[in-house]
Amino acid sequence: MIDWQEIVAALELTPHHPKDLPLPPVRGAYCGDMMSDVLAHARRGDLWITIQRHRNVVAVATLVGISGVVVTGGRVPPEDTVALAEKEKLPIFSTPLDNFQAAGRLYRILAKAGLVPGIQGG
Amino acid sequence: MQLRFEVQGMDFSRAGQAAAKIKKVLQQVGVEPGIVRRAIIVAYEAELNIVIHAYHGTLTASITPRKIEIVAEDEGPGIPDISLAMQEGYSTAPPHIREMGFGAGMGLPNIKKSADDLDIQSEVNKGTRLRAAIFI
Numbered sequence: 000m001i002d003w004q005e006i007v008a009a010l011e012l013t014p015h016h017p018k019d020l021p022l023p024p025v026r027g028a029y030c031g032d033m034m035s036d037v038l039a040h041a042r043r044g045d046l047w048i049t050i051q052r053h054r055n056v057v058a059v060a061t062l063v064g065i066s067g068v069v070v071t072g073g074r075v076p077p078e079d080t081v082a083l084a085e086k087e088k089l090p091i092f093s094t095p096l097d098n099f100q101a102a103g104r105l106y107r108i109l110a111k112a113g114l115v116p117g118i119q120g121g
Numbered sequence: 000m001q002l003r004f005e006v007q008g009m010d011f012s013r014a015g016q017a018a019a020k021i022k023k024v025l026q027q028v029g030v031e032p033g034i035v036r037r038a039i040i041v042a043y044e045a046e047l048n049i050v051i052h053a054y055h056g057t058l059t060a061s062i063t064p065r066k067i068e069i070v071a072e073d074e075g076p077g078i079p080d081i082s083l084a085m086q087e088g089y090s091t092a093p094p095h096i097r098e099m100g101f102g103a104g105m106g107l108p109n110i111k112k113s114a115d116d117l118d119i120q121s122e123v124n125k126g127t128r129l130r131a132a133i134f135i
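Respectively, the protein sequence lines represent chains U and G. With numbering that gives the first Met the number 0, the residue at position 108 of the first sequence is 107, and numbering never jumps. With numbering that gives the first Met the number 0, the residue at position 109 of the second sequence is 108, and numbering never jumps.
Just chain G, same shape as in the assembly (with noise of 0.2 Å):
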């Protein structure tokens, strides 16, 4: 089963709606409730880092027996140093969005930590492709 969300760049009011949707489907699915919680920490931040940083992107959540796999196609700025941008507490987003509480620079360690499986690959002033993997 696939599901595949448009993301666009700078729309707080319906960032996380794709998370939220991967969310219902893999309870009704009957994905146990642990492998949920990290898959919508992926979907998440993947959606959010899309929306800070990102014009526009894809989500889309690929769910077998085995495995959830979510993929987060941006155009976008790039990032010009992914090991950089995986230490936690490092963070690009401006003032303005840190006051809302996100760009704490915890979102790509999260998705590390929930992960089983993790790719990212960047060109700076092109996009991002970020592809995450949980296994069941």
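In isolation and in its complexed conformation, chain U is listed as follows (with noise of 0.2 Å):
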């Protein structure tokens, strides 16, 4: 199981999210821009590392079943994005690190839980 601090601090997010809203599971993640991509490809699960910031990503999000939504680049979600992922109970936080950045520290992380298939935990 991954702990969600570990996450926040290693990618140094600002949750956009009220306080008491549960935080699902982690059980991988995804990196992409492209809407129709992450749809196809993403997992029930995963987090999602993005520059998008409208608020259909919440609408795409939410289809795959996403565990939370990382927007980079210091990019803050607008209010009406928030607003959305609040009724849909969508985690949603921002951070100054880019797509990369977030990306590689997400991946030591999930990779010594054992969840990048093929890398072993540890």
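Worth flagging that the hints you see were computed from the coordinates, not collected in a lab. Some hints could be false.
Stated by the list, open to error - One-sided and incomplete, this derived list gives chain G residues near chain U with beta-carbon spacing under 10 Å: (1) Ala19; (2) Leu47; (3) Phe101; (4) Lys112; (5) Ile135.
As the list claims (entries may be wrong) - Estimated spans, in silico, between C-beta atoms of each pair: (6) G/Ser12 with U/Ala8: 30 to 38 Å; (7) U/Ala110 with G/Pro93: 34 to 42 Å; (8) G/Pro79 with U/Asp19: 50 to 58 Å; (9) U/Pro77 with G/Pro93: 19 to 27 Å; (10) U/Ile50 with G/Pro79: 44 to 52 Å; (11) G/Thr63 with U/Arg43: 24 to 32 Å; (12) U/Asp97 with G/Thr63: 45 to 53 Å; (13) U/Phe99 with G/Gln16: 31 to 39 Å; (14) U/Arg74 with G/Tyr54: 30 to 38 Å; (15) G/Pro93 with U/Ala9: 18 to 26 Å; (16) G/Pro79 with U/Gly113: 49 to 57 Å; (17) U/Arg107 with G/Glu122: 52 to 60 Å; (18) G/Tyr89 with U/Asp19: 44 to 52 Å.
Glycine included, every Cβ here is placed at the ideal spot set by N, Cα and C.
Dock chain to chain to rebuild the complex, using the hints, since each chain is given by itself in its own frame.
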């Protein structure tokens, strides 16, 4: 089981969802900025790393069953996106890191937990 | 059971809502997750094609014990060359739409991969009718 606190610290995340929102288990991750790509290839339980922050991100994340959205590059999700995420009970964060840095740090955490296919945990 | 949704061109604020409702109903009637996933990829991409390219249209999902059929019908510019539109990476979406992460030229290829049966009829300057079936 991945510790959300570890992810929040390593990826320098600022939450934009309500404090009491339960955080679902993270089972993997997907990094992508094209909606069709994420819809087709991300998996249920993935944390989604993206530069996109418009409200359709919430629609795609909800359809896939994403565990949380990380908006990168210091971009802050606008109010309408945050409101829709709250309605859908979707955790949404921002980070000053770019896609590469955020994915790299998350990869290390997931690999350690044995959640990266082909990579041994430890 | 049939679900029918009106879809407005360029209304990105509501884009994806029809697919979300279809997902909810499929889960409620106990369709297995893999089939639900394929159906929502078809529904979302068809819905977004109307939002991105057409003036307005309808998205219909017909659910029977044997199959899920999704029909997207629109009034719009139509598709001059369907085989070209089916190629991954080909898109006529304008730059500001692409910047939002749409118009990657993956919509119709995603639908083709997810559907067991696909039929597209289109008339330039009139509209497009897409029918896709996923067998349960």
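Taking the hints in turn, this is what the structure says about them:
no.: 1; hint: Ala19; verdict: holds, 6 Å
no.: 2; hint: Leu47; verdict: holds, 7 Å
no.: 3; hint: Phe101; verdict: holds, 6 Å
no.: 4; hint: Lys112; verdict: holds, 8 Å
no.: 5; hint: Ile135; verdict: violated, 19 Å
no.: 6; hint: G/Ser12 with U/Ala8: 30 to 38 Å; verdict: holds, 34 Å
no.: 7; hint: U/Ala110 with G/Pro93: 34 to 42 Å; verdict: holds, 40 Å
no.: 8; hint: G/Pro79 with U/Asp19: 50 to 58 Å; verdict: holds, 53 Å
no.: 9; hint: U/Pro77 with G/Pro93: 19 to 27 Å; verdict: holds, 21 Å
no.: 10; hint: U/Ile50 with G/Pro79: 44 to 52 Å; verdict: violated, 32 Å
no.: 11; hint: G/Thr63 with U/Arg43: 24 to 32 Å; verdict: holds, 26 Å
no.: 12; hint: U/Asp97 with G/Thr63: 45 to 53 Å; verdict: holds, 47 Å
no.: 13; hint: U/Phe99 with G/Gln16: 31 to 39 Å; verdict: holds, 33 Å
no.: 14; hint: U/Arg74 with G/Tyr54: 30 to 38 Å; verdict: holds, 32 Å
no.: 15; hint: G/Pro93 with U/Ala9: 18 to 26 Å; verdict: violated, 38 Å
no.: 16; hint: G/Pro79 with U/Gly113: 49 to 57 Å; verdict: holds, 50 Å
no.: 17; hint: U/Arg107 with G/Glu122: 52 to 60 Å; verdict: holds, 53 Å
no.: 18; hint: G/Tyr89 with U/Asp19: 44 to 52 Å; verdict: holds, 46 Å
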